[in-house]
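Student: Sequence:
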Amino acid sequence: VKDLDFAQHQVSIRHGKGGKDRITMLPSSLEEPLQRQLAEAKRLHEIDLVDGYGETTLPYALARKYPSAAKSWMWYYAFPSNQRCFAPDLGTMKRHHVHQTSVQKAIKRAVTRCNINKRVGSHAFRHSFATHLLQNGHDIRTIQELLGHKDVSTTMIYTHVF
7 VKDLDFAQHQ
17 VSIRHGKGGK
27 DRITMLPSSL
37 EEPLQRQLAE
47 AKRLHEIDLV
57 DGYGETTLPY
67 ALARKYPSAA
77 KSWMWYYAFP
87 SNQRCFAPDL
97 GTMKRHHVHQ
107 TSVQKAIKRA
117 VTRCNINKRV
127 GSHAFRHSFA
137 THLLQNGHDI
147 RTIQELLGHK
157 DVSTTMIYTH
167 VF
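Using our numbering, you'd call the opening residue of the sequence shown number 7 and step up by one each time.
I should point out that these hints are in silico values taken from the structure, not numbers from a laboratory. Heads up, the beta-carbon is just placed ideally off N, CA and C, and yes, glycines get one too. Incorrect hints may have been included.
Simulated restraints, written as ranges between beta carbons of each label pair [as the list claims (entries may be wrong)]: (1) Lys77 <-> Ile163: 39 to 45 Å; (2) Asp57 <-> His166: 47 to 53 Å; (3) Cys120 <-> Lys77: 38 to 44 Å.
In silico SDA-like cross-links for lysine to any residue, where the CA-CA straight-line distance does not exceed 25 Å [what the hints assert, rightly or not]: (4) Lys71 <-> Gln89; (5) Lys26 <-> Glu151; (6) Lys48 <-> Phe85; (7) Lys8 <-> Ala45; (8) Lys26 <-> Thr160; (9) Lys100 <-> Ala67; (10) Lys111 <-> Leu96; (11) Lys114 <-> Leu36; (12) Lys48 <-> Pro94; (13) Lys8 <-> Asp54; (14) Lys8 <-> Ser128; (15) Lys111 <-> Phe135; (16) Lys100 <-> Ser87; (17) Lys100 <-> Ile122; (18) Lys23 <-> Pro73; (19) Lys156 <-> His144; (20) Lys8 <-> His105; (21) Lys114 <-> Lys8; (22) Lys77 <-> Asp9.
Produce the entire structure from the sequences given, and follow the hints as far as they go.
Tutor: Following this line, the structure appears as structure tokens:
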């Protein structure tokens, strides 16, 4: 939750592709649906806390320094799983984030409903994002930074400049 910055219209990406952290934009068109999602996530978090759970996995050093942070709303997942699971690291039940296969299945269902006859996965959104930015006049270096590429040639491949 803490990685969503509505005031600055930004999302912090932690441990993304290649283990990199980056900041990208949060489109204003997604703010209202995302606020609704956060309200539902908060409802689940509050239920979990009442039931004696509600902890999330934190980076090791942070968990040691701030033991109560694991139950804090700001560290909770924006997209929590529907089910609790046993967490060996905590020795208790917790609610993890939605699994990547659930996201992949949702994308596949959407592609089927839209009658798109191509293989489309979540990575296609990065390519589409980059290509649309370039088509709308954004410079390649800005796009490179938003995607977190070290080399501009990678960004040029992404946007089909080559």
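Student: Next step is simple, just say for each hint if it's right about the structure.
Tutor: Quick rundown of the hints versus the structure:
1. Checked against the hint of 39 to 45 Å, the C-beta distance between Lys77 and Ile163 comes to roughly 43 Å, which is consistent with it.
2. Between Asp57 and His166, the C-beta spacing of about 50 Å keeps the proposed range 47 to 53 Å intact.
3. Checked against the given bound of 38 to 44 Å, the beta carbons of Cys120 and Lys77, roughly 40 Å apart, stay inside it.
4. Only pairs whose Cα atoms come within 25 Å are accepted, and Lys71 paired with Gln89 is rejected, the gap being roughly 28 Å.
5. Proximity of Lys26 to Glu151 is assessed by CA-CA distance (about 12 Å); at most 25 Å being required, the pair is judged to hold.
6. Taking the CA atoms of Lys48 and Phe85, the gap is about 10 Å. The hint holds against a cut of 25 Å.
7. The hinted pair formed by Lys8 and Ala45 meets the criterion: a straight-line CA distance of about 14 Å does not exceed 25 Å.
8. A C-alpha spacing of about 15 Å is found between Lys26 and Thr160, which places the hinted pair at or below 25 Å, so the restraint holds.
9. Under the criterion of a C-alpha separation no larger than 25 Å, the hint pairing Lys100 with Ala67 is consistent with the structure, at around 20 Å.
10. This hinted pair does not check out: Lys111 and Leu96 have alpha carbons roughly 29 Å apart, beyond 25 Å.
11. As the CA atoms of Lys114 and Leu36 are separated by approximately 21 Å, the hinted pair is consistent with the 25 Å bound.
12. Between the alpha carbons of Lys48 and Pro94 the distance comes to roughly 24 Å, so the proposed pair stays at or under 25 Å and holds.
13. As the CA atoms of Lys8 and Asp54 are separated by approximately 19 Å, the hinted pair is consistent with the 25 Å bound.
14. For the given pair, Lys8 sits about 23 Å from Ser128 by alpha-carbon distance, which is consistent with the 25 Å threshold.
15. Taken as a hint, the Lys111 and Phe135 pair is honoured in the structure, with Cα atoms around 21 Å apart against an allowance of 25 Å.
16. For the given pair, Lys100 sits about 10 Å from Ser87 by alpha-carbon distance, which is consistent with the 25 Å threshold.
17. Among the hinted pairs, Lys100 with Ile122 is inconsistent with the structure: their alpha-carbon atoms are about 37 Å apart, more than 25 Å.
18. With a C-alpha separation of about 28 Å, the suggested pair Lys23 and Pro73 falls outside the 25 Å cut-off, and the hint is violated.
19. As the CA atoms of Lys156 and His144 are separated by approximately 18 Å, the hinted pair is consistent with the 25 Å bound.
20. Restraint check for Lys8 and His105: the C-alpha separation of about 19 Å stays at or below 25 Å, so the hint holds.
21. Of the supplied pair hints, the one linking Lys114 and Lys8 is violated, its CA atoms being roughly 29 Å apart against a limit of 25 Å.
22. Our distance criterion of 25 Å between C-alpha atoms is met by Lys77 and Asp9, whose separation comes to about 16 Å.
This entry does not satisfy hints 4, 10, 17, 18, 21, going by the numbered hints stated previously.
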